[in-house]
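Colleague: Each protein sequence line maps, in turn, to chains A and B.
The numbering used here numbers the first residue of the first sequence as 1 and each following residue consecutively.
The numbering used here numbers the first residue of the second sequence as 1 and each following residue consecutively.
All the given hints hold, so there is nothing to weed out.
Now the stretches of chain B that chain A is said to cover, found in silico as 3 or more residues with beta-carbon under 8 Å:
# : region
1 : 26-33
2 : 42-56
The calculated EDC-like cross-link candidates involving lysine to aspartate or glutamate, where the alpha carbons are at most 20 Å apart (straight line), are:
# : chain 1 : residue 1 : chain 2 : residue 2
3 : A       : K275      : A       : D286
4 : A       : K696      : B       : E29
5 : A       : K445      : A       : D560
6 : A       : K445      : A       : D558
7 : A       : K696      : B       : D26
8 : A       : K250      : A       : E219
None of these hints come from the bench; they were simulated from the model.
Remember, it's a predicted structure, so these values are computed and weren't measured experimentally.
Glycine is no exception: its CB is placed at the ideal position from the N, C-alpha and C atoms.
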Amino acid sequence: MKPPYRHGLLAVLLLIFISTGLYAQQAITGTVTGDQGEALIGVSILIKGSGSGTVTDLDGDYSITAQEQDVLIFSYTGYGTVTRTVNPGETVIDVELQAGAQLDEVVVTALGISRERKALGYAVEEIDNEAIVRSQQNNLVNALQGQVAGVQVSSAGGGPGQASRIIIRGINSLDPNANNEPLFVVDGIPVSNETNDAGGGGSRNVSNRIADLNPQDIESMTVLKGGPATALYGLRAANGAIIITTKRGKAGRLSIDLTSTYGTEEVNKFPETQKTYTQGYEGVYDPNSFWPSWGPTVAEARDTAAANGLPRPGDLYNNFENAYVRGDQWRNTISVSGGNEKATFRTSISHLDHEGVLPFSTYQNTSFRINANYVASEKFTFGGGVNYIRSGGNRVNADRFNERLVYWAPQYDVQDYIREDGSMIGYRNEGTVGNNPVYGEATNKFIDDVDRYIGNLNFSYSPLPELSINYTVGLDQYSDFRNYFGQGSVFVGAPNFEDNLANGNGFVTETRIRRRDVTSNINAVYTKDITPTLNLRFLAGFDAYDSNSDQVTTIGNDLDIFDFFSLNNAADIRTSSTLVDRRLLGLYGDLSLSYLNAVYFTVTGRNDWSSTLPRANRSFFYPSVSLGVVLGELTQLPDFLSFAKLRASYAGIGKDTDPYRTNVVYRNPNGFPINVNNVNVTGWTRDDQQGAPDLKPERTNTIEFGADLRFFQNRLSLDATYYNAKSVDQIIPVPVSNATGFSTFVLNAGSMRNQGVELLLKGTPVVTTDFRWDVNLNYTRNRNEVLEIFEGVEDILIGSSFGYAGSSATIRLIEGQPYGNIYGRSYARFGVDEDDLFLDRDAPLLIGEDGFPVIETNQKILGNTQPDWFGALINTVTYRGLSFSFQFDTRQGVQKYNQQGNFFSAFGIAPYTLNRNETIVFEGVTANGSPNTTPVFLGQGDGPDGVDYGAGYYRNTYRGSTENFVEDADWFRLRNVSLRYQLPTTLLQNIFVQSASLALTGNNLWLSTPYSGFDPEGNRGNGNGDDGFGGFTYPSVRSFFVTLNVGF
Amino acid sequence: MNTPRTFFLVAVVLLLLSGCGADYLDVNENPNAALRPPLDGLLASSSSATANNQFQISNGHTATSSSIWPAPTRLIPTISICRSAAAEPGAICTIP
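Turn these sequences into a full structure, and let the hints steer you where they fit.
Modeller: Following this line, the structure appears as C-alpha cells:
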C-alpha cells in the first residue's frame, strides 16, 4: 500500500480543516447479537482510522453515520472482534459476535500505549473497574489486595483514610529511607503517592496521596511489574508502575449514574486479655497503684478492701474492646456522561464521610472530576481531564492510644473519660491521675486538610496514516494544611492528658505543605508494514519532570488560653522550613518488529538526566529488549492447547537518588538562635551526613522469562513468570565512626537481588447461556538477598521497635541475608554456637542458678518480615442478573514483633500470666548440662518458699526476651464476599431508569492466624521495616456495605 | 511534507527540548542548609557545644560531638554504628 503523502503540507492542512470526505455519508443502523441470538448491550462500533464511533443500546441496536468503503469494527469484551466494510448504498448491517474469543486482548503498557497482550515480552496484569469497586475500599491501593500476582499491599490498619503501602516484586533498595513503592500514572500523568510525615503526621496515619482518588472514577488499573515493562518510563518507575485509566464518556445518549454506598465496620480481631487480677502490685490491692493488673484477684481484693478502708473494687472491663466503637461511612457518587461522534465527556462528583472504630478518627473526601475528548478531524484529536480533591480528617495517634490502654486499670470504664468541667478522668487517686486514652483523642488532635488539583491535556496529531505525534502535559499540585493541637489544663492543676502538657501547657503546631509536579511528554509513533508479514513500529519521545515542594512547620508551645488553638495564643514559637526541587529529563526510543503475528521483538533505550546527581554523572543510558513468540502461529498445537506464548526480556534501569546528597552542608543546631545581651545569634554546625560529589546512578538489571498457556478453548489458562532483578551501586548513607566528624557518608555502596516466581491460573469450570463460574488463583514467591554492603560496614539498621528490659527488636541488613531480618534478645540455649546468627529454637533452654531461663543478650535473628509466599483465590459466579464472588487471601512464612505482647507481659495483662501464683520447674539444662530441678515461684515478692522474687518472672525474665514477642504472623482470610443483583431490563421498560443494581459486600469476614495481637496485617507505619512491627497499630476492621446503583 | 521531513522536524524539536537541559538541572544546591556558614555562627555553636560537653563530662556522661545533635524520632530509621569485623567496636572505619 502506498500512502498518499505526496500532496504536501498544504493538502494536509486542507484535509484537517475540511472534515467531510470525498465519499457520500450514509446512515447505517443494525443489531448486534451474540452467538445465542441474545442482544448485546454496549458493543463498541468504531469507524476504522477516524476515532469516531458509537455503542449499541439496550436492544443491541445502533446507528452510525459512515461513508462508503469505511470499515466498521465491532468489539465487545469476551467476544471476538468483527470488521465489516460499508458497501455502497448499504443502510442495515446486522452482526453476530462469537463468545469466548480473547486472543486479541489489548492492554495498556508504558506511556499509556495500548498493545495487544500477545505482542508483549513481559508480564502485565490489568484489573477492571468491577474488580476495583467490588471490595468498596476507599483507598485505591487497598483495592489491589490479592488481585495481582507479585503485588504486596500492606495496609497500616483500618483507620479512615489511612495510608497503605504497595510493593511490587520485593524491596529494591538498601537505603532505609528509600521509596520502594511503584510509580502511579493517571491518564498519562505521573502523580504523587507520597505519605508525608511532616508536622507529626508520621504517628498519625496520614494518607498516601493515591487515597485521594475516587475508585468509582477508575476504568482500569494496569500493573507493570518489572524493568522490561517500565523501561520506557525511566528511573521513576524503577519499582514498577501502576497505570490508572479513568472513565471517559461514550458517544450516545446522555447517561446519569448514581451510586450510593453505606458501610459499617468493627474491629475484626482483639487480643486476648486476662480477666482475673486487678489493680495493685505484688498481689496487694491498691486503687491508687500505677500497676493495672499485678494486684490480687477481684474476689480477694473485695475481701480485704473494706478492712483497709478502700472502696469496693469493681468488675473488670475489657477496655481493649470497650475503647473501640462501631465505625460507619457514606459515599455518594453522581456521574454524567455522554457525547456525540466528535466530542465526549464524563464528569463526576463524589463525597465520602468516614468515621472510624477508634474514637474521634474521621476522614472526608470530596472529589470532582471531568474528562473530555474531542475528535477535531481524522488527524487531530485532543482531550483532557481535571480532578479536584479535598480530603482530610482528624488523624488519631493509634500507637499512643493502645499503649495507654495497657496502663489503664481494667476496673474502670475507659469510655468514662471526661468530667463536667472538661477535665480528664484518670484511673488512679479517685480519677485525678493516670492518662485516659479516650480523653487523649478527644483533646489532642491532628487535622489535615488537602486541596489537590490533577490536570492533564493531551493532543494527538496524525499527519500520515502511519505516523502519530502525541503530546501530554500534566500538573499534580496540592496543598496540605495540618493543624496539630492539644489543649492546656482546664484549670490550674486539673487532670490533663500527658501529651498535652509535654510542651508546657497545651500546644498548637501548624504545617503548610505545597507540592507541585509538572510533567511534559512528547512522542512520535511510526508504524509500517515492511512486507505483509513483517511489521515495524518505532516510537521516540522526550519527557520532562519538575517537582517542587515547600514545607513550613511552626510549633507554638505553652498556650495562654487553654482551648484557643492559634499560634497567636502561644508563648514559645519555633519555625522550620524545607524546600525540595527535583528535575528530570528523559529521551527514549522503542523499536518493535513483529513477524507473521508470531514473533514479537522489541528493543528500547532511554537516557535520563537527573538534577540529583553530580553534573558529571547525571546523564545515563539504559536499554531493554524483549521477545514474545506465539507458538500457535508457527506450528500446529495439540488439540487441548488453544494458545501458547513464550516470552523473555532483559532491562537495565538506571536510578538517581534523593536531592541534596552531593554536598557537605551546615545547619542550625538545636537551641539556636539564642539571645545574648539582646542580640540574636544564629549558630551553625556541620551536618552529620557527608554528601558525595561523585555519586553515580544506581543500576537494576532484570531478566524475566514467562509462558502464557491456554487450554480447552481458553477455558483454562496458566501464566507463569520467573524474574531475577539485581540492583548494584546502590546509593546509601553508610555509617562511619563519629571520629570522622560525620555519622554517615553517602556512597554507592551495596547490591541486592530479588528473584521470584509468579503464577496465575484462570479457569471457567462451568459456562452456559445463563450461568458462568470463573476461578482465578494467583501465587507469588519472592526471594531477596543482600549481596554486598560497603566493606567495613557490618550492617544497616532499617528500623527498631521498643521492648522492655532490653528486648527492643531491630531490623537490620547484613551481607548474604534477605531483607527484613528481625533481631532481638532470646532465651540462651545450651550447647549452641555463640556466633550463630540464628536462634536455634529446638536447643534446650539454659537455666540459671536461680532457676529461671538466662537471657542471651547478643541479638540473634528471630524472624523475617518478608513473606515466603502469598496468594489469593477469587471465585465469581454469575446467574442472569445475579453475581456472587468471594476472595480468599493468604500470606505465609512471615514474622512480626508484637510490641503490645511485650507490654502485656510486663503489665500482667496477657492470659498466660494467670499462672503467676504457681511454682514450677523450668524445662531445660543448667550450665553444667544437667537437667534443671530448681522449683521457682512465678509471682512477685515473697514466694511460698520464702525467697523474694522481686518483680516476678514476667517482669524480670519473660518480657526481656524478644523471642517471646516475635510471632508468626501468617494469615489466611476471607478478604471479600460480594453479592450483586442487576434488575432485568424488562422490568425497567417504560420508566426513565435505564439500569439498577443492589450490592451487598463484606470484607475481612473471617481470619485465621497464630498471631496474638490485633490483625497482623496492620503495621506500625508506612516506612521500610514498619511491616515488621505491630501491636500498637490502628486495628484492622471487618466491614459491611450496601451499595445502590441507578442509571438514568 | 514527506516522511523524512517529518522525522527531521520531530528530531529538531527533541534536540531543542534537550538542548536547554544543562542549566535547567542545576537545582541540587540544598536550599535548607548553608554551604558557607559565617565564622561567627560556627564559633557560637561550637562555644555552646564545648560548654555543654564540659557540663556533660562533669556530670559523669560522655561528651556529645559538637557537630551532631541527633533528634530522637522513632519513625526515621537511623544507621547503626560502624562495627568493622577487623576493628574493635567504636574503632574508626576506613573510608577511601
